Structures are given as C-alpha cells and as structure tokens.
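So you can see what is in the structure, the chains are spelled out below.
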Amino acid sequence: MTSNARPGASRRAVLKGGLMGAAALAGGAAASRAAASESVITEIQDWNRYPGDGVDARPYGTPSPFEAHVVRKNVPWLTSDTISSINFTPLHELDGIITPSGLCFERHHSGVAEIDPASHRLMIHGLVEKPLVFTMADLKRFPRENRVYFLECAANTGMEWRGAQLNGCQFTHGMLHCLMYTGVRLKHLLDEAGVKAEGKWLLAEGADASGMSRSIPLDKAMDDCLVAFGMNGEALRPEQGYPIRLVVPGWEGNMWVKWLRRLEIGDQPWQHREETSKYTDLMANGKARRFTFEMDVKSVITNPSPQAPILHGRGPLVLSGLAWSGKGRISRVDVTTDGGRNWTTARLDGPSLPKALHRFYHEFDWDGSELFLQSRAIDEHGFVQPTKDQLRSVRGANSIYHNNGIQTWHVNSDGVIENVEIS
Amino acid sequence: MWKSPKAILLAATLIAGAIGGAEAQDIEAGEKVFAKCKACHMVGENAKNRVGPVLNGIVGRAAATIEGFKYSPAMSKAGADGLVWDETSLAGYLHDPKAYLKGNKMAFAGLKKDEDVVNVIAYLASFGADGKPAVPGKQSAAPAPDATQTATAEPAAPSPETTGSVADGERGLGRAATPEEIAAWDTDVRPDGVGLPEGSGTVAHGMEIYDERCATCHGDFGEAVGRWPVLAGGQGTLQAERPEKTIGSYWPYLSTVFDYVHRAMPFGDARSLGNDDVYALTAYLLYLNDIVDDEEFELSKDNFTSIRLPNEENFFDDDREQEPFYADRSEPCMTDCRPGAAAITMHAAVLDVTPEDGGEENASGGGID
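Protein chains in written order, with my numbering: chain L, 1 to 423; chain A, 1 to 369.
Hints are not guaranteed to be accurate.
[Said to hold, decoys possible] Estimated spans, in silico, between C-beta atoms of each pair: (1) L:GLY54 with A:PHE69: 18 to 28 Å; (2) L:ARG141 with A:ALA35: 51 to 61 Å; (3) A:GLU313 with L:ARG141: 22 to 32 Å; (4) A:GLU313 with L:SER423: 30 to 40 Å; (5) A:ASP211 with L:SER423: 51 to 61 Å; (6) L:ASN342 with A:ALA35: 17 to 27 Å; (7) A:PRO197 with L:ASP267: 12 to 22 Å; (8) L:LYS196 with A:GLY274: 52 to 62 Å; (9) L:ALA284 with A:MET346: 49 to 59 Å.
These aren't lab readings, by the way, just hints derived from the structure by calculation. Note that the structure is predicted; figures quoted are calculated from it, not measured. Just so you know, even glycine gets a beta-carbon here, dropped at the ideal spot from N, CA and C.
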C-alpha cells in the first residue's frame, strides 16, 4: 500500500465524520465554488509518482481496498447459528440491476456444501419413462440460455410486518439479488426422461446437509425454469449452489434449490417442511395460506436510505432505487417526498427485463427540509405495490412472508435517515 | 377482452405440438398458409410494412409495436394494455380476428382449421425480430413497452439474434438411473404415506434417542434451548400476538416430521438415523405434542396415515390476487392523496443493527423464516 488513507476504516466513523462535514457545509453550496486550492491537486501524490502492482498481483481481481465496507452483513441475533442463517445484500452501495456475485445475500440451512463437480450428479426419476442420471458434462451438452432474473427470499422485509424494525435497506430489503444465469431449460432435461401424463408436480432436492426440498407445479417447471451452472458469466459461487441450482423465475427464493441433485416427478405435492412449517403465510384468523409461490410487485429506495445518509447538504440530489415483480416487467415507479401526499413518476433506466430488477432514479433539488421518502411500483399487468397498512388490514402482522409494502425513510434536516412508519 | 376459451383450447393443442420445437414440416405447412397473409404482411430480412405490419419476431412481441405502422386505436390500446403475441393470443386472433379484438382493422376472415393456425404460428416463430431465423423458445427479444410508462426508460435493447435453431426432442444424453441409486436418494415421504419405509418405533424408544441426540438444541420437552427451533407446545396460539408454530400447533401433516427428521436431523449429522429410529422419534414428537399419550404407543408404516395433526384443515391455497388492493387494478392516486402532513407513528425498533454495534438481544420482529 502506497496510500496514506485508511482503507477498512470503520464505515460508521466515516459516516459520522461525513455527517459533521455535511452540517458544516449546509447552506454553503454556492460559496464552495470559491474554495481554496486542494493539496490532492497541488501536491504530487504517491500514486502519481511510484508504480503500482504489476499485472498478476491479483489473479482473480478484487474490489479496491477503499470499498472494503461494501460487504454482505448478518444480523447475529436473528438465528442461533451461522450454519443455518442469512446475510444481506448491501443494496445501498450498489447501482444498475446486476448484483456482483460476491455480494449476493446468502441463506443456507446447513452451511455451504462444497462439491467437486466431477462428483456431482443430477437424477430424474418418479413418473417418467426413463429415470436418468446426468453428469455435469452431460448437462453442458444441452442447449444453453442466458437469462437475467431477480431472486427474492419470501421472508425479505418479513421483520417489518410488526412495524419499522431495522435501520437500513440492506436489512429490510437485502434478501434480494439479480443475476444473469447461464443454464439449460429444465424442460429439456425432463423431456429427455419423458414425463408421464399423470405427472403434475416436481420435487427438487439439494445435495447439501439440509437436503433442501420443495414441490413445484409441473407447469412452472416446463415453462421458464432453468438448471443453471453460471452466474454473471462465470461458474456459480459455492454460496449460490455450485455446481448447479434451480432457477424458478419470479417465484420465492427458497424454491431455487441450490446444489441441485434430484428431480422427482409425482402426481401431488410432497408437503415438505419448507412448504408447511415454513413458507406458509399465517393470517390474523389463525388460518394459513400455502403455495404462495409468486413474488409480488415491490420497490425500495436504496439511496438515500438509513445507511446512506445525505452527506452533501442541500442542492442537487440523486434518489435511486430498485423495483421488481414476479409477474413480469415493471412499467412504472412513482416516488413521493411528502409521505404519499403527492407522487412523481421516476425515471427507469437500464434494461427492462421480465422478472428482473429495474433501476429507477429521481433527481431533485433538496432544500434541506424534512422528507418522507417512499416509492411505489406498478407492473405491466397493472398490479400496484400496496402500503404496509393495506397488507396488514387483510393479513394481520404474523405472515412473516411476502411483505411487499411501501417502505418509508424519514430524512431530517441534517440528512440523517431513519426507517419509520407514518400516518 | 382478448382471451377466449377457444383460444385457450387452441393454445393447449399448440403446446402439445410444442411450438418451441416445431417440426420442419409444420413450418413448411405454415409457409403455405402464410400465402393467405402475403397480400398484407411480409416476413424475412427485407420485409416492409404493407397493408399490415411486418410480422418478423411476432411471437413474443407486444401488439402494435412496429414503428412506422399506423395501427387502429383498438390494436394500439390492446398493446398498451399488455397484449403480447404469444401462442395463445395469436391463436385466438388468427382464428377470428374480428371477434377477438373489436375494432381492429385487419380485414381477414380468419383461419378456420386449427392445424393451419398452429402451422402458420410455427412458420412466424421461425423468424427473429430482424427477419433472420429465430431460436425457438427464447426470451422474447423486444420487451412490451408499456404506454402507462411515463418514465423515460428505454425498453431493453433487443438481444442479438442467434442464427440457427435448437432442435427439441431426445438427445440421448445421460444414462439410466439404477434402482439402487434411486433407492439411495429417494427417501421422501408424502401425506398419503407414499415413500414410508418398512419399520416401527415406540414413544419410549424415541425418548431415549431424543434425549441423546436432539435435546441439546430442542430442549427436553421440545421447548428449545436459546434460539433453536421449538418443536412442541403452542396449541391455541395461532391467533395470538406471538403465535408459536410447532408440530402440534401448526404443522398440517405427520409425514413432514418423518421426512424432515430423516433428511436433515440431527443438525450437524444428517441422514445418520435408521428407519426405526425415525419412527420412534416421530412417535415421541407426537407424545411431546400431546397427540398420543401412551408411552407404549408404537408408530409403524401400517398405522402411520391413521394419525392426523390437529391443524391440517387450516391451510388454504394462494388467493392474494383477490385481496382488495390487488383485485382493484385501478390507477393509483398522484396528487393530494392523503389529508394533512405526514407524522411519524413508529421509529425503527432496532437502530444500530450492524455487526459492529452488536445489535439487540431480542428484537420485537418476527424471525427470518
């Protein structure tokens, strides 16, 4: 390291310092045009003078040390053990629609299985003409497809059913990522085995120590599901199911079985633990919805947000966020700065792909006053993201899953931001 | 409305005939049918709009999206409302253009024979958006731009066309799975008892195994140690402020207990329990949940399905689309939507949630799953 800055310095320290700086500058935006000379310009810097690392210093490239705070984070008290736990994507540090491979949230039920692809097999059996076993080499001889899809855990934002809980979109909305997958159509594999007419459901099972298993309607399996071995142009990461995972576009993340090893065809669902004890949505009347597979239309403002306060004082501000729907494309996102009294349509930028994240922006001049920021997504089928109160009025507060309610961030005059609920 | 039962029937025929893998002869037959359209439509690399729009890449394309073609208001509106030309919608439209979409200006009587419809769609599907041969079944290149989208977003750039096509049908890849291999992996059990292995075990025997291999995490009575899962109790709490969802209070089927314990427990040493052990543990979990009360009770393959869990009837299928805010698909309010200024009713309960700050021991929120 030739630099004298402090990579890896506590993010909080940086934030606190930044906030004070912002306060000092507040109101001085115009005056700052006439600032004194800066030493980063007038003095020769080390990087300007001495050569840096040669080509092979990082054979597999890593982010700048100044980005060391951009990491997945876990909330330790949520679960008993990191082996069956969750961490969250740092949405507030990202832009565009593709999540970098190393920042995709992780949810494992028995840790990350480490599998040599040479020892991995995928079996298809049950109501099929010919039970088959495929090696990885076999799978790569089927026609490949490249598709961009979001994956959201059904429990994303689940903590917020009972009201504002966690201060940061990483924690409220970070069980979410969007990747380009490379893989083969599940339909092609099933056709190879020949599904019998009685076949209506598919059981997908993982090779990890939790033996994750989910029942999936055959229609969905035959429609757009993939068996993926690639993400963002390279092999899947171990945390995402290396060597193969199931891709179930638009449907809850738990169904996208990682380390996929077995597909069984049957005539009814298996009612396994992850579709009975878990991933069923308890209503206020004590009854529970099941097979709530599809992810509803949803959005969140990622910047500014509690972990990404406004540090620059008043003046031009870029508000940005993500929107998505398990039913297809997002057609529109509206944003409000007054807590839902008045809405403005935001600007969507970048590719608009079905069942993928969409990026939105709204640029405005902040006058330093208090703001209540919200975003509201509308998908191509006309489904509008509901408010949390609308959801609670029908479902109560114990559903855990499928909370796609409108999120509120409160911005105070210092640019500090908090997760709140409002009238 | 552009969905008719007839169209759905036709679509079923189409799917049975697997458009994605249309046989060469279907495409050939479709080319002959297309003679009826040629007066008004062109396809291929040099296609231009005539009386009707260019039909390159039509399968998967949103309706009324060919630039420079003047569509009828009816067709433009259908496109803006989300009509996409897929096998179903095309089948309905080509079968009876007038009835399918009132007010559209395609002066064509329709194709009466289902196979003509199937074949002409197969033929159209063989052209990509640029008029070159298309790959069947790929994500539609041109997204449906939405007229309600007032944002300045550009629709996705069409993905580059691939040349050549993917044949469907068997490839002869993979090898036969042996019965022994299937038996080794296929341990799953269903509510109707399918998949249950031979075997049996008593409550008393289950207690011995449980105390040795499960109690450290799940507690002596299934009440759980720390944050490990609770396995028993909670009856009558499903409508309470803090429901406790356990095998006895929530789970609909006993088969799930057998299946799950067999595949995933004890945590850290999965798949180490024999079939008789799992029957015994399942019997003991019934006992801890007051569903059986006799320590000598023996659970076996034979009596397994006679046992029902108390909460079985309280599950219902997904009906979210009927919820008032989804059923009503109207335009949301844009101005003066709520009276008065916004006021905070609740602050984040857990302010410092980051690992550096440690967080709070007991959050008021629900668990993660």
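* Going through the earlier hints one by one, which of them does the structure break, listed in rising order? -> 1, 2, 3, 6, 8, 9
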